[in-house]
Amino acid sequence: MRSPDPAPRRTRHRRAAAATLALTLLLGVPALAACSGAGAGSSESSGSGSSGSGSAADAGSVAAPAEGPAGPADPATGTGAAAGTGTADAAAPDRAVVSTATIAVRVRDLPAAVADVEARTTAAGGLVSASRSGGTDGAQSAHLTLRVPSPAFEDLLDGVAGLGQQTDRTTASTDVTAEVADVGSRVTSARAVLDTFRQRLPQATTVPDVLAIEGEIARRQADLEALEARQRVLADQVSLATVDVDLTRGAPLAATAAAQPGFRGGLAAGWHALGEAGRVLALVAGAVLPFLVPVALVAVPAWLLVRRRRTRQATPAAE
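Mind the numbering: the sequence shown is residues -33 to -1, 1 to 286 in mature numbering (1 follows the signal peptide of the UniProt record, and there is no 0), read in order.
Misleading hints may appear alongside valid ones.
[Unchecked claim] Derived Cβ-Cβ restraints for the label pairs, each shown as a range:
| # | residue 1 | residue 2 | range |
| --- | --- | --- | --- |
| 1 | Gly92 | Ala128 | 16 to 22 Å |
| 2 | Leu264 | Ala97 | 46 to 52 Å |
| 3 | Gly182 | Glu146 | 28 to 34 Å |
| 4 | Ser117 | Ala185 | 33 to 39 Å |
| 5 | Gly217 | Leu256 | 19 to 25 Å |
| 6 | Val143 | Leu241 | 25 to 31 Å |
| 7 | Arg277 | Gly253 | 32 to 38 Å |
| 8 | Gly92 | Ala185 | 35 to 41 Å |
| 9 | Arg274 | Gly232 | 50 to 56 Å |
| 10 | Ala193 | Glu121 | 49 to 55 Å |
| 11 | Arg75 | Ala97 | 20 to 26 Å |
| 12 | Ala185 | Ala97 | 35 to 41 Å |
| 13 | Val95 | Glu181 | 42 to 48 Å |
By construction, these hints were calculated from the structure, which means they are not laboratory data. Model, not experiment: these values are computed from the prediction. Positions of the beta carbon are idealized from the N, C-alpha and C atoms, including for glycine.
Take these sequences, add in the hints, and give me the full structure.
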């Protein structure tokens, strides 16, 4: 039996392979195009998303600083808008200084000296905030607390020192410029925050919101009042200096030999010693005099009695 010719079978196999290859090419090209299009679309969408994110980030970065100046600073921290620092540095305020002094003067006429100090204080535009006087005849003194305008501070001290002999004088100055500026900025910020909460109160629609805003308003109001009280105290201390005056009645102390050397210094010291000795003797006499009367009432009759007895004893012996 004759075997079949393999040529037609090979031809059929070749045609099937060619058809399969053509079908694969026809199906593969659109798929590749679709894949490439999807890849490009995803690349474009991601690129646009990135640019959108960048735009949003840029917008956020621009909008964020605009929120700083609009929002008022918290008075508890005292932070304010940064835009105002340049202006504050450019226009530096005058120095705020708190001045205090203590002066002690020895005067001959204490009531007249007290009246003179009060008159000088009133003439300078100040006031006597406290006054105290007392003591015995030999050691009378007076203490006055004065509040005088700072420009007249030194002149008043010199005037008080001229009333007699100055024995002590102490002055002190404290710079509170930074504290005054800080308290002022805190007051401004506290007022702005309080106004903001008051504007938000009509917008509250629920009871919890109303209660929360009212509680915050009460707290901010208390903080503002405390800051304003501190601001008034600082303003009073800066505008009016405090002077404590101690006046003591007595003659001026004699100058020492070192201060007045030579004959005049010795003469002044001698006169002072003589006066002090006379004053001491007068003091002793005044202290002893009340005791002399009862002593005399007892001593004089006793002395007379003893003398009479001696006389009687002496008369028989003479006979």
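Problem set entry | Hints that the structure is at odds with (numbers, increasing) | 6, 10
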